[in-house]
Amino acid sequence: MPNSKRLILAHFWLAFAGFGVALVLGAWQMFVRSPLHPWISDPEWYYRSLTAHGTVMAYAFPTLVAMGFGYAITEAALNQPLVGRRWAWAGWWILAVGAVTALVPVALGNASVLYTFYPPQIGSPFYYIGVVLVVVGSWFWVALMSVNLALWKRAHPSAPVPLAMFGMLGGAYLWAWTSVGAALELLLQIIPVALGLKSTIDAGLARVFFSWTLHAIVYFWLIPTYVAYYAIVPRAIGGRLYSDTMGRIAFVLFLVVAMPIGIHHTFEDPQVGAAFKFIHSAFTALVVVPTLITVFTICASVEIVGRLRGGRGPFGWIAALPWDNPIMLAIAFSFVMLGFGGAGGIINMSYQLNMPIHNTQWITGHFHLIFGGAIVIMYFAIAYDLWPHLTGRPLLDLGLMRLQLWLWFVGMIVTTFPWHWVGILGMPRRMAYFDFTDAALAPEAVSVTISVIGGLVLLASGLLFIAVLLRGHLAPVREVESYRFAEAVHPPVAVPAALNGYAVWIALMILLTLTNYGFPIAQLAARSDTSVPPVYVGAQR
Amino acid sequence: MSAPDPVHAAGEERAARVERRWAGLAVCLMVLLTGMAAYAGIHRATMPQARVETVDPQRLHIGGEFVESNLGSALEDDGSVTVRAIGQQYSFTPTCIIVPTATPITIRATSADVVHGILIQNTNINTMLAPGYVSVISARFDKPGDYLMPCQEFCSFGHEGMWGKVRVVAKEEFVANAARQRRQSCAQ
Numbered sequence: 001m002p003n004s005k006r007l008i009l010a011h012f013w014l015a016f017a018g019f020g021v022a023l024v025l026g027a028w029q030m031f032v033r034s035p036l037h038p039w040i041s042d043p044e045w046y047y048r049s050l051t052a053h054g055t056v057m058a059y060a061f062p063t064l065v066a067m068g069f070g071y072a073i074t075e076a077a078l079n080q081p082l083v084g085r086r087w088a089w090a091g092w093w094i095l096a097v098g099a100v101t102a103l104v105p106v107a108l109g110n111a112s113v114l115y116t117f118y119p120p121q122i123g124s125p126f127y128y129i130g131v132v133l134v135v136v137g138s139w140f141w142v143a144l145m146s147v148n149l150a151l152w153k154r155a156h157p158s159a160p161v162p163l164a165m166f167g168m169l170g171g172a173y174l175w176a177w178t179s180v181g182a183a184l185e186l187l188l189q190i191i192p193v194a195l196g197l198k199s200t201i202d203a204g205l206a207r208v209f210f211s212w213t214l215h216a217i218v219y220f221w222l223i224p225t226y227v228a229y230y231a232i233v234p235r236a237i238g239g240r241l242y243s244d245t246m247g248r249i250a251f252v253l254f255l256v257v258a259m260p261i262g263i264h265h266t267f268e269d270p271q272v273g274a275a276f277k278f279i280h281s282a283f284t285a286l287v288v289v290p291t292l293i294t295v296f297t298i299c300a301s302v303e304i305v306g307r308l309r310g311g312r313g314p315f316g317w318i319a320a321l322p323w324d325n326p327i328m329l330a331i332a333f334s335f336v337m338l339g340f341g342g343a344g345g346i347i348n349m350s351y352q353l354n355m356p357i358h359n360t361q362w363i364t365g366h367f368h369l370i371f372g373g374a375i376v377i378m379y380f381a382i383a384y385d386l387w388p389h390l391t392g393r394p395l396l397d398l399g400l401m402r403l404q405l406w407l408w409f410v411g412m413i414v415t416t417f418p419w420h421w422v423g424i425l426g427m428p429r430r431m432a433y434f435d436f437t438d439a440a441l442a443p444e445a446v447s448v449t450i451s452v453i454g455g456l457v458l459l460a461s462g463l464l465f466i467a468v469l470l471r472g473h474l475a476p477v478r479e480v481e482s483y484r485f486a487e488a489v490h491p492p493v494a495v496p497a498a499l500n501g502y503a504v505w506i507a508l509m510i511l512l513t514l515t516n517y518g519f520p521i522a523q524l525a526a527r528s529d530t531s532v533p534p535v536y537v538g539a540q541r
Numbered sequence: 001m002s003a004p005d006p007v008h009a010a011g012e013e014r015a016a017r018v019e020r021r022w023a024g025l026a027v028c029l030m031v032l033l034t035g036m037a038a039y040a041g042i043h044r045a046t047m048p049q050a051r052v053e054t055v056d057p058q059r060l061h062i063g064g065e066f067v068e069s070n071l072g073s074a075l076e077d078d079g080s081v082t083v084r085a086i087g088q089q090y091s092f093t094p095t096c097i098i099v100p101t102a103t104p105i106t107i108r109a110t111s112a113d114v115v116h117g118i119l120i121q122n123t124n125i126n127t128m129l130a131p132g133y134v135s136v137i138s139a140r141f142d143k144p145g146d147y148l149m150p151c152q153e154f155c156s157f158g159h160e161g162m163w164g165k166v167r168v169v170a171k172e173e174f175v176a177n178a179a180r181q182r183r184q185s186c187a188q
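Same order as they appear, the protein sequences are chains A and B.
Per the numbering used here: the first sequence = residues 1 to 541.
Per the numbering used here: the second sequence = residues 1 to 188.
Calculated from the structure, these hints are not laboratory results.
All values reported here derive from a predicted model rather than from experimental measurement.
A couple of the hints might just be wrong.
[Stated by the list, open to error] Derived contacts from chain B toward chain A, CB cut-off under 8 Å, selection only:
| # | residue |
| --- | --- |
| 1 | Gln58 |
| 2 | Cys96 |
| 3 | Thr101 |
| 4 | Ala102 |
| 5 | Asn126 |
| 6 | Val134 |
| 7 | Pro150 |
Beta carbons: idealized from backbone N, C-alpha and C, even for Gly.
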């Protein structure tokens with residue numbers, strides 16, 4: 001399998017190294033603002049840490065996982081060596097240099113603006129330029145995925161594109177387009193001000209630009225997980241995929257409807273009118289559909305395995321599943337967290353119900369459960385599944401892997417459930433300190449303390465994950481069979497062109513972005529009377 | 001392909017039926033949720049701000065509705081109350097907002113510098129404050145009491161200290177005070 005093993009390992013290791021550091025920061029943040037710790041004498045350290053945690057976890061880590069996994073799929077699913085490996089290395093280097101460029105000013109305390117930027121607060125220009133480089137590096141990957149598939153299609157006219165490749169490519173196109181929103185915000189608004197070329201900035205417009213990126217980026221994080229659901233899980237647990245077609249439909253739907261919905265992040269903002277808020281709310285409801293399709297198809301695929309292993313009755317097949325297989329554990333945990341996180345997400349997108357929990361700890365709990373839980377636990381599964389094929393050495397610590405997944409699942413539930421609860425009580429997010437001696441905040445102290453314990457369990461699990469992978473490099477070399485993806489019960493013979501390529505769906509995605517974002521952006525961009533001078537981070541006022 | 005075997009064909013048909021049902025359920029769920037949101041919005045049970053209003057953020061202190069002397073709670077001719085407030089690093093003005101019970105209240109607020117937010121705990125009053133734009137939100141309180149009002153958006157290093165208060169007093173008390181004070185607040 002993969003010819004580009006070093007390239008793929010470089011992506012995964014950079015991703016997991018960043019993940020490890022950001023995880024330590026996250027656990028520290030949970031502790032330092034809890035009742036277990038006295039007043040943080042300099043709250044700036046908290047926001048510095050939060051900026052680093054968000055920047056790594058949201059931009060660098062998932063992007064690198066998607067890239068590494070994408071290259072592995074390109075070689076394994078298309079069964080051809082990666083074309084343009086030198087360009088892929090160039091992308092990796094640009095990304096790595098960008099990450100360092102962004103994180104040095106953060107570490108120095110010159111860019112504590114959080115990963116969501118929040119103009120008119122303005123930090124060091126190097127922070128934003130570094131983030132742009134991270135994105136530019138990932139665009140190399142998008143282009144390479146596209147080129148490699150085009151070459152394969154030329155050699156295999158009218159053959160069905162393997163589902164794993166089809167899904168990853170959808171993620172790549174989604175990322176290319178959704179990153180444009182933040183790119184516009186950075187290049188047109190923030191960087192000119194950070195460099196002193198412009199003296200005012202419109203915070204309302206910036207928030208709308210960022211919402212363009214902010215929601216679909218979540219689906220970009222999600223795509224590797226969904227590819228793992230469809231293309232790894234059924235094979236890894238000894239079964240077949242229930243429906244190849246439904247997988248294609250799910251990926252196509254994600255590409256189209258993940259994009260024109262970001263304004264649901266600005267429901268409580270004054271710069272967007274009610275009509276566009278409602279339109280985006282309704283479109284967000286559409287995203288439920290590909291997820292429910294996936295839940296059905298994957299549960300059916302897993303049920304096939306349970307029944308093949310002798311499970312009977314409506315629930316007997318569940319007991320018959322191969323629970324000692326880490327991938328089986330991971331998919332089960334992922335689905336439980338997807339269920340809770342998805343239900344919370346439906347509350348967030350529902351126009352009215354969002355009001356009591358907007359910008360409270362509920363939101364932090366929600367996206368940690370969905371991203372850190374349902375998505376990242378499958379990143380672990382992807383690494384476990386792929387590692388032997390990258391190192392040529394088997395992963396022998398099945399028990400440690402199961403323990404690691406259990407700890408991550410339990411840790412994530414213990415962290416995020418109390419987080420949701422204090423959010424309902426109205427606890428705001430992103431605060432370095434809470435005065436739990438205040439009678440109105442005292443009831444939150446117990447919940448916050450419980451979630452600190454969850455955070456420590458997560459930290460232990462994350463470090464264990466890295467240890468398992470490191471030990472994998474030290475195991476004896478052994479012949480590893482070639483890497484395969486799940487086969488469908490009915491393998492696709494001929495696929496309609498619309499489900500074998502993205503041309504029409506990309507056109508639809510761009511069109512819907514224009515209809516759903518064109519007017520709000522044009523209207524805000526035309527204003528000149530709502531801009532404010534920047535507030536530079538660390539400047540004396 | 002080989003000739004379909006009858007057992008397999010029956011199973012396949014059943015599988016397709018179940019799949020279709022599930023897809024139908026997913027679509028119905030989506031339509032139901034959107035319909036509920038539309039219904040509640042049309043009936044103004046609760047909904048986000050409807051219109052976009054702007055204010056020159058660099059002249060807030062010079063004139064217009066957000067000058068300092070106009071901030072606080074005002075009793076309108078129709079008996080409703082309008083609260084005007086601004087957020088700036090790292091406090092609200094007024095720091096303590098006073099409102100009467102059993103009265104329709106309109107909160108109008110904006111920011112004088114960066115993005116802030118207003119969240120009144122244990123209510124569903126929650127809005128962003130963005131410089132240049134006026135946030136408008138309707139509210140009504142039934143019982144007297146005190147509420148905490150934290151800034152819910154990161155506004156730089158003093159964010160954790162930006163907590164305001166809302167005090168709900170009996171309507172009679174508020175109206176009596178309104179005769180003496182054009183703009184009320186409970187800030188000390």
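Against the structure, the hints come out as follows:
1. Gln58: OK, holds: Gln58/B within 8 Å of chain A, min 7 Å.
2. Cys96: violated (14 Å)
3. Thr101: violated (19 Å)
4. Ala102: Given a least distance of 21 Å, the restraint on Ala102/B is violated.
5. Asn126: At about 5 Å, which falls below the 8 Å cut-off, the nearest Cβ of chain A leaves the hint on Asn126/B intact, so it holds.
6. Val134: holds (6 Å)
7. Pro150: Holds, because the Cβ-Cβ distance from Pro150/B to chain A comes to roughly 5 Å (cut-off 8 Å).
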